[in-house]
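Enquirer: Residue strings, one per chain:
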Amino acid sequence: MNRELKRVTIVILAMFAALFLSVTTIQFFSADTLAGDSRNARTINNSYSKERGAILVAGQPIAQSVPSADQYKYQRTYTNGPLYSAVTGYFTLDQGSSGIEAAMNDELSGTSGSQFLSQLNSIVTGQNPQGASVELTIDPAVQQAAYDALGSQTGAVIAVEPKTGRILAMVSKPDYDPNILAVHDTDAVIQQYDALIADSGNPLINRTLGGDLDPPGSTFKIVTSSAALQNAGLTEDHQLPNPAGYQLPQSTNVVSNAGGGTCGPGDTVSIRTAFVLSCNIPMAELGVEMGDKALTDMANAYGYNSDFDSPIPVEASQFPPLEDDSRLALSSFGQASVRSSPMQIVEQSMAVANGGSIMTPTLVDDVRAPDLTMLKQFEAKKLADPINSVTASTLSSWMVEAVNSGAATNARIDGVSVAGKTGTAENGTGDPYTLWFTGFAPADNPQVAVAVVVQNGGGLGESGSGNEVAAPIAKKVLEAVLNK
Amino acid sequence: MAAPAVKPGEKPVRRIHVPEKLRNLEIFLLLFACLANAGAVVMVQLGSSGTVDYGQVALLGAGLSVLVVGAHIALRFVAPNADPFILPIATLLNGIGIAEIYRIDLQIPGNVGWESTAVRQVVWSAIAIVAALVVIIALRNHRVLQRYTYVFMAISGFLLLLPLLPGIGKEVYGARVWIGVGPLSFQPGEVAKIALAIFFAGYLVSRRDSLSAVGRKVLGMRFPRGRDLGPILVIWAASMSVIIFQRDLGTALLYFGLFVVMIYVATARLSWVIIGVGLFLGGALIASQVLVYVNDRFSNWLNPFASVNYDAQGGSYQLVQGLFGLANGGLIGTGLGQGQPDITPLAQSDYIVASLGEELGMAGLFAILALYLLFIARGLRISFAGNDDFGRLLGIGLTFVIALQCFIVIGGVTRVIPLTGLTTPFLAAGGSSLVANWIIVALLLRLSDTVRNQPRLVV
Chain Z
0 MNRELKRVTI VILAMFAALF LSVTTIQFFS ADTLAGDSRN ARTINNSYSK
50 ERGAILVAGQ PIAQSVPSAD QYKYQRTYTN GPLYSAVTGY FTLDQGSSGI
100 EAAMNDELSG TSGSQFLSQL NSIVTGQNPQ GASVELTIDP AVQQAAYDAL
150 GSQTGAVIAV EPKTGRILAM VSKPDYDPNI LAVHDTDAVI QQYDALIADS
200 GNPLINRTLG GDLDPPGSTF KIVTSSAALQ NAGLTEDHQL PNPAGYQLPQ
250 STNVVSNAGG GTCGPGDTVS IRTAFVLSCN IPMAELGVEM GDKALTDMAN
300 AYGYNSDFDS PIPVEASQFP PLEDDSRLAL SSFGQASVRS SPMQIVEQSM
350 AVANGGSIMT PTLVDDVRAP DLTMLKQFEA KKLADPINSV TASTLSSWMV
400 EAVNSGAATN ARIDGVSVAG KTGTAENGTG DPYTLWFTGF APADNPQVAV
450 AVVVQNGGGL GESGSGNEVA APIAKKVLEA VLNK
Chain L
0 MAAPAVKPGE KPVRRIHVPE KLRNLEIFLL LFACLANAGA VVMVQLGSSG
50 TVDYGQVALL GAGLSVLVVG AHIALRFVAP NADPFILPIA TLLNGIGIAE
100 IYRIDLQIPG NVGWESTAVR QVVWSAIAIV AALVVIIALR NHRVLQRYTY
150 VFMAISGFLL LLPLLPGIGK EVYGARVWIG VGPLSFQPGE VAKIALAIFF
200 AGYLVSRRDS LSAVGRKVLG MRFPRGRDLG PILVIWAASM SVIIFQRDLG
250 TALLYFGLFV VMIYVATARL SWVIIGVGLF LGGALIASQV LVYVNDRFSN
300 WLNPFASVNY DAQGGSYQLV QGLFGLANGG LIGTGLGQGQ PDITPLAQSD
350 YIVASLGEEL GMAGLFAILA LYLLFIARGL RISFAGNDDF GRLLGIGLTF
400 VIALQCFIVI GGVTRVIPLT GLTTPFLAAG GSSLVANWII VALLLRLSDT
450 VRNQPRLVV
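The listed protein sequences correspond, in order, to chains Z and L. Numbering-wise (numbering that gives the first Met the number 0), the first sequence opens with residue 0 and increments by one. Numbering-wise (numbering that gives the first Met the number 0), the second sequence opens with residue 0 and increments by one.
Calculated directly from the structure, the hints in this document are not laboratory data. Among the hints, erroneous ones may be present.
Unchecked claim - One side of the interface only, derived from the structure: several residues of chain L facing chain Z at Cβ under 7 Å: (1) TRP177; (2) ALA267; (3) SER270; (4) VAL272; (5) ILE273; (6) ILE274; (7) LEU322; (8) LEU325; (9) ALA326; (10) LEU345; (11) MET361; (12) LEU372; (13) PHE383; (14) PHE406; (15) ILE409; (16) THR413.
This structure is a prediction, so every number in the text was calculated from the model and none was measured. Note that the Cβ used here is the ideal one computed from N, Cα and C, for glycine as well.
With the hints as extra help, turn the sequences into a complete structure.
Expert: Listed below in structure tokens is the structure:
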């Protein structure tokens, strides 16, 4: 009987070996994979049970985790939630997150590589692990000015330091209060989330970075002019025919200038005058004269068709391949299939303001561990070099003239030289215009570049203009920076 | 009789085991187990609320301690040579189970008094240990059981059929293995496994000659004669009807596995194992094709993360949540009271292993598995050392049933085999399981006492 008992013993040992093996597999080898499963409520709960790091603006928390009495230990709260909603984004129990909350999640939750040692430390000491805090580049006064100036319009404002890329203000409207999505009642969160999704104003979209791209209209003339001056080798006095109507190549459609009529007096008009007065016909002619390569190359050099992280992901603005001269002509003044985010438009001003270089726009100034040691610090980085400094200073003088005596006069500030370009983009017959302004100030030593977009015609249907609606908003943002 | 003469220069043959020493070792280990159990309850309280409620520690820790120390004292009188490890291991497992059950109770507001599963578990532990005491005091010689072989057959048959009776049978989570009288419910199948082990042992001892008689030789292996296939076919049919009528895959596997191992040990014919495994696999294969719930169990096992299984009613949600819990525990666990085991359904009973794995980690589960292995090793030792075949067969049967049950439950939770609803011995919340396993403890203690009492110099 002992031989049989030995064999049974071996069977029992084999059964337990299988159990030891399976336990090891689950708890050691595939633990990370299992923790990463989107259905794993424990992972989400753990992230809530940790003291998530704060998001700071000028040293003051705009998002922070405060102790709560329920099972999650901490409640995420947002100060001035709607004011900063485009920046912070939201952070829900199990419906995902957005904005800085999502883009900087590893740091905020304390799971980034640089925090590994402190994680290990908290395991050993049994203390609650804590996330790092993220200090933003946002200037609260500029943010507030942009928020107030945009008022109840649907649209977005972004202000950036052209020399560094630090984002000073980022506002998207309609806004929302991230606090309503931070509650610990899943049903309530789903209900609020569904309501925000169903809202026709799409408050959850950060319009500064994409999600709802618009035709850039005349703000694109910065790109077209850059192509003419740099890629096509034309001078600012290069003359173009100046008719009151321009029939598109291989088409019966006729393009007209914004006010109707010709672009100033004379049979011909210079590129400079066409830019300052924001005329469409000479720009269309210019585009066709240069050919599609010059324009497409310059658009790509300015960052069209590429995305980057700010660290919130920025959607690529679109400059699709041109099929014919008719589309080339329309694209030259920012119509046809060209689509831009305010981030893309402000980059155009940034290049002009900064001697031709675009510094990567960023929201994060530094990341600090709970013991205040610096984990990451902002460094200015170059994103692109679309134009040289000569082209930049030429365009800068055009944009100053546009504000002083051209099509962008509503951005004038007493005693300050402001550079600007408006845009009034058509969205199709009967649809309200998209109204733009972009510019920078002071022109000789730029402190801030700004882009404003107002959708739905600013409530004026097809009668408003960028100068009328968007330029005054930009002016207030510029003033907020310069008055400091 | 005079003592044997001792030649000069030779040491006299002495008794190797001194009962006093065994019992002293036992009380030392028991006190350690009781301290560990009370410590676990304190850890749970510190982990979940940061404060210690000494009333609860006394209720949950001391109650069990008094009883097992009582059992120890009884053993000093009625079974002084009994194995000193079995009682402390059972106590430790039982106590860790109570601590973890209590931990999950804390997540359920208003779960106090009789509503508290932990309190009920303590009461059931008391009943179970008293039952074990009754067995060990009343049963002074295990061979008495052999006399009632067919009575135990009748008892096991009756217990198995009980849940199918209208009126007292209850269906819980689709399985019809419970009986309910008023507020009390009981799983008679748990106790039936003991009756079955006794019946198998008695039956096989008397019939082993005919069962191992020469049969036809196929591929170098002797197969039994057709007419000797009767018993295994009856047991197989009984197991299959458990699958079909009680919808309980785990219990069927447990009973059949028990029988196959016992008939193999009794007859030394490997052909019985081949016939048995073949019959069971064939039956299970057919069942998986014909019975929807068996088929679901298999597809949940193979593809638990597929959303078609995960989202299905009775799908792999529980299995996956258990895996998430184990993963959350990782190597060293979240600490008692600091995990989230309550997310997994049945975290106190079928999934107690996942709950413990989450809070004690892989290290803790290894320790628990090692405790089971040690318990099983003591049982095997009895079987190896016994000098009557009935006792040896009964010993291997009772030991194997614990080992197989651990494998079926823990293997189900950790995806070694498809998940079936069985309780983890000693750990899981459930009165019937506690009573049955403590009676097994009593029987093993009795067997080990008999083994050591033999005038033989073995082990």
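Enquirer: Could you run down the list of hints and mark each one as holding or not?
Expert: Going down the list of hints, with the structure as the test:
1. TRP177: 27 Å, violated
2. ALA267: Nearest chain Z Cβ about 5 Å off; hint holds.
3. SER270: Not OK, violated: SER270 of chain L not within 7 Å of chain Z, min 13 Å.
4. VAL272: With a minimum Cβ separation of about 9 Å from chain Z (threshold 7 Å), the hint on VAL272 of chain L is violated.
5. ILE273: With Cβ-Cβ at 13 Å, over 7 Å, it is violated.
6. ILE274: Violated - the Cβ of ILE274 of chain L stays beyond 7 Å from chain Z, reaching only about 16 Å at its closest.
7. LEU322: 6 Å, holds
8. LEU325: Result: holds, 5 Å to nearest chain Z Cβ.
9. ALA326: 4 Å, holds
10. LEU345: Violated, about 17 Å.
11. MET361: Result: holds, 4 Å to nearest chain Z Cβ.
12. LEU372: With Cβ-Cβ at 6 Å, under 7 Å, it holds.
13. PHE383: At about 6 Å, which falls below the 7 Å cut-off, the nearest Cβ of chain Z leaves the hint on PHE383 of chain L intact, so it holds.
14. PHE406: 4 Å, holds
15. ILE409: 5 Å, holds
16. THR413: 4 Å, holds
Hints 1, 3, 4, 5, 6 and 10, counting from the list given before, are not met by this structure.
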